[in-house]
Amino acid sequence: MKLVVGTRGSNLALVQTNWVVDQLKKENPEVEFEVKIIKTKGDLIKDLPLDKIGDKGLFVKEIEKSLLDGEIDMAVHSMKDMPSYLPEGLKFAHSPKREDPRDALIFKEGYKSLDDLPQGARIGTGSKRRKYQLLKHRPDLEIVPIRGNIETRIKKIETEKLDGVVLAASGLRRAGLDDKIDYYIPTDIMLPAPAQGILALEIREDDKETEKIIDSIKDDITKIQIDAERGFLIGVNGSCHIPMGAYCEIEGEKITLTGLYGDGEGKKIVVQSQVGTLADAPKIGYELAKSVLKEYEQ
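Sequential numbering of the sequence shown, starting at 1, is according to full-length UniProt numbering.
By construction, these hints were calculated from the structure, which means they are not laboratory data.
Cβ atoms here follow ideal geometry from the backbone N, Cα and C, with glycine treated the same way.
Treat the hints with care, as some may be off.
Beta-carbon label-pair distances, calculated as ranges [as the list claims (entries may be wrong)]:
1) H94 with S66: 19 to 25 Å
2) D179 with K223: 27 to 33 Å
3) E205 with D182: 41 to 47 Å
4) D263 with E160: 25 to 31 Å
5) K212 with D115: 46 to 52 Å
6) E158 with P29: 42 to 48 Å
7) D182 with E253: 17 to 23 Å
8) K290 with E32: 21 to 27 Å
9) D178 with V31: 37 to 43 Å
10) D182 with V275: 31 to 37 Å
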């Protein structure tokens with residue numbers, strides 16, 4: 001049996017896809033895998049902020065078309081890039097174990113934490129979620145909009161004369177660049193994007209055979225976090241135009257979901273938490289979203 005796996009062509013996308021293929025090969029040595037690179041709109045337009053060229057589907061639509069057309073059998077994405085709803089005929093298979101969900105800072109030499117930064121320090125990020133949470137903690141910072149893959153963003157510390165850049169810790173760790181991380185931002189200072197650090201394995205709805213193969217690497221704790229965090233995303237109808245975050249912590253049978261929602265200018269940001277049990281994961285996200293939206297609209 002052979003499975004064709006679709007992915008974007010960035011270094012991180014390929015690292016993530018090859019990691020998934022390696023895990024699947026270990027559990028399914030009889031299956032042959034082929035990786036196919038697909039260019040997306042988000043890859044082709046590099047000079048505009050994400051919220052100016054479309055919505056969350058920027059990095060997935062062309063890949064999903066290949067999946068629906070039968071050109072590939074599964075797609076590997078970052079779950080945080082996935083829109084609230086999938087096209088008819090597609091579904092998520094189970095995800096493997098989550099990587100570190102936090103955001104991380106890479107500084108120019110000499111700094112070790114957010115509090116080390118001098119007044120008015122210049123920090124690069126293209127995310128409103130990151131921007132407004134940083135400014136809440138350090139209102140004096142100058143936030144500089146940047147885009148590009150991991151390597152490009154790190155280079156911008158020099159080329160744009162920045163004091164640091166914010167990136168997802170999971171991407172840096174998967175790309176073997178964890179030695180570059182100077183500071184992991186605690187989740188009480190910066191809530192991650194919903195499902196940050198989780199890989200989305202997308203398949204055709206009726207493809208039971210591929211689903212069974214992917215089940216060999218599924219992680220149950222990660223599934224609970226996806227249910228809760230994406231429940232919040234769907235409940236607030238989140239997009240890349242607004243600051244929005246969610247993180248589900250699990251202790252034994254107890255889960256605590258914290259959600260963040262705000263306006264595009266960062267004038268109003270609402271953060272709330274809700275506690276429940278493991279079985280509550282799918283509904284707790286919707287409930288928290290309703291509560292956050294109610295406070296936001298007051």
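A quick look at each hint next to the structure:
{"no.": "1", "hint": "H94 with S66: 19 to 25 Å", "in the structure": "holds, 21 Å"}
{"no.": "2", "hint": "D179 with K223: 27 to 33 Å", "in the structure": "holds, 31 Å"}
{"no.": "3", "hint": "E205 with D182: 41 to 47 Å", "in the structure": "holds, 43 Å"}
{"no.": "4", "hint": "D263 with E160: 25 to 31 Å", "in the structure": "holds, 27 Å"}
{"no.": "5", "hint": "K212 with D115: 46 to 52 Å", "in the structure": "holds, 50 Å"}
{"no.": "6", "hint": "E158 with P29: 42 to 48 Å", "in the structure": "holds, 45 Å"}
{"no.": "7", "hint": "D182 with E253: 17 to 23 Å", "in the structure": "violated, 36 Å"}
{"no.": "8", "hint": "K290 with E32: 21 to 27 Å", "in the structure": "violated, 47 Å"}
{"no.": "9", "hint": "D178 with V31: 37 to 43 Å", "in the structure": "violated, 30 Å"}
{"no.": "10", "hint": "D182 with V275: 31 to 37 Å", "in the structure": "holds, 33 Å"}
The structure fails to meet hints 7, 8 and 9 from the earlier list, while all remaining hints are met.
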